[in-house]
Amino acid sequence: SQQGEEDPQALSIQEGENATMNCSYKTSINNLQWYRQNSGRGLVHLILIRSNEREKHSGRLRVTLDTSKKSSSLLITASRAADTASYFCATVPRAGNMLTFGGGTRLMVKP
Amino acid sequence: DGGITQSPKYLFRKEGQNVTLSCEQNLNHDAMYWYRQDPGQGLRLIYYSQIVNDFQKGDIAEGYSVSREKKESFPLTVTSAQKNPTAFYLCASSSLRQGLIRNEQFFGPGTRLTVL
Chain H
10 SQQGEEDPQA
20 LSIQEGENAT
30 MNCSYKTSIN
40 NLQWYRQNSG
50 RGLVHLILIR
60 SNEREKHSGR
70 LRVTLDTSKK
80 SSSLLITASR
90 AADTASYFCA
100 TVPRAGNMLT
110 FGGGTRLMVK
120 P
Chain S
3 DGGITQSPKY
13 LFRKEGQNVT
23 LSCEQNLNHD
33 AMYWYRQDPG
43 QGLRLIYYSQ
53 IVNDFQKGDI
63 AEGYSVSREK
73 KESFPLTVTS
83 AQKNPTAFYL
93 CASSSLRQGL
103 IRNEQFFGPG
113 TRLTVL
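Protein sequence lines correspond, in order, to chains H and S.
If you're matching positions, the first sequence starts at 10 in the working numbering and goes up one per residue.
If you're matching positions, the second sequence starts at 3 in the working numbering and goes up one per residue.
Since the hints were made in silico from the structure, they are not lab data.
Honestly, I wouldn't trust all of these hints.
To be verified - Pulled from the structure, derived: some chain S residues nowhere near chain H, Cβ distances all over 10 Å:
(1) Leu13
(2) Glu26
(3) His31
(4) Glu71
(5) Lys73
(6) Pro77
(7) Thr88
(8) Ser97
(9) Thr116
(10) Val117
To be verified - Which residues of chain S face chain H? A few of them, derived with a C-beta cut under 10 Å, are:
(11) Gln8
(12) Leu29
(13) Asp56
(14) Gly60
(15) Phe90
(16) Gln107
(17) Arg114
(18) Leu118
For each residue, glycine too, the CB sits at the ideal point set by N, CA and C.
Based on the provided sequences and hints, a complete structural model is requested.
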């Protein structure tokens, strides 16, 4: 079963705009992770945020976590055409041991 | 170069044949995983292993088998019992934290399997 669900499923923006993707999950978590996948490639880890953290930054990426709403968001600022990819959230449950992936958001950044 | 490799990149199989997908890592990670990805979908866990000579079923293990004879290697066999094997297969590895699989995972480039 998929714990995290991303919204929107697809997003198309112009280069230079910001892109926001959301992830909702159902059970209490130990941590939440965001991954990126270029078409036909493996996934690349972007950020891990723990349940006691509310916000993390990495370059142009900003991740927030609201455990009361069981949701997270990934913000990519000043997007570039090279950011075109699918973005997945994945959760590790508090009482569990395994990473569970959502269905992903397909981001297209038009030059 | 540290990393995780998969081979082959593309694989074609006739119905009724078993095929084996290779996965190797030199990251010294204890845990390794196999995922299946269907078009436009997320990843589903097939099998995982936290230690040599031990592995556990994931959500969709039926029709698949694995072995973990070496820390660096975790091959996946897609058997003829898998009814719909055409998919993109991803291997990953991670270190353990306090003996648990909670860290970020490192992925290989994937193998695209097509049944003819």
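Hint check results:
The claim that S:Leu13 lies off the interface holds: its Cβ sits roughly 14 Å from the closest Cβ of chain H, which is beyond the 10 Å cut-off. Even its closest Cβ contact with chain H, about 14 Å, leaves S:Glu26 beyond 10 Å, as expected for a residue assigned away from the interface. No beta-carbon of chain H comes within 10 Å of the beta-carbon of S:His31; the shortest separation is about 13 Å. With a least CB separation of 23 Å from chain H, S:Glu71 remains clear of the 10 Å interface cut-off, as annotated.
With a minimum CB-CB distance of about 19 Å to chain H, S:Lys73 clears the 10 Å threshold, and the non-interface call stands. With a least CB separation of 17 Å from chain H, S:Pro77 remains clear of the 10 Å interface cut-off, as annotated. At roughly 15 Å from the closest C-beta of chain H, the C-beta of S:Thr88 stays outside 10 Å, upholding its exclusion from the interface. For S:Ser97, the condition that its CB be more than 10 Å from all CB atoms of chain H holds, with the nearest at approximately 12 Å.
Remark: the non-interface label on S:Thr116 is consistent with the geometry, its nearest Cβ contact in chain H lying 13 Å away (cut-off 10 Å). For S:Val117, the requirement that its beta carbon stay farther than 10 Å from each beta carbon of chain H is met, with the minimum near 18 Å. Evaluation of the S:Gln8 hint against chain H yields a held restraint, the C-beta minimum of about 8 Å falling below 10 Å. Against a cut-off of 10 Å between C-beta atoms, the interface hint on S:Leu29 is violated, since the closest Cβ of chain H lies about 13 Å away.
With 10 Å as the threshold, the beta carbon of S:Asp56 stays out of range of chain H, its nearest partner Cβ sitting at about 14 Å, so the hint is violated. Against a cut-off of 10 Å between C-beta atoms, the interface hint on S:Gly60 holds, since the closest Cβ of chain H lies about 8 Å away. Evaluation of the S:Phe90 hint against chain H yields a held restraint, the C-beta minimum of about 8 Å falling below 10 Å. A distance limit of 10 Å between C-beta atoms decides the matter here; for S:Gln107 the minimum to chain H is near 6 Å, and the interface restraint holds.
About 8 Å separates the beta-carbon of S:Arg114 from the nearest beta-carbon of chain H, less than 10 Å, and the hint is met. The criterion of a C-beta within 10 Å of any C-beta in chain H is not met by S:Leu118, whose closest approach is roughly 20 Å, and the hint is violated.
Violation of the numbered hints given earlier is confined to hints 12, 13 and 18; the remaining hints are satisfied by the structure.
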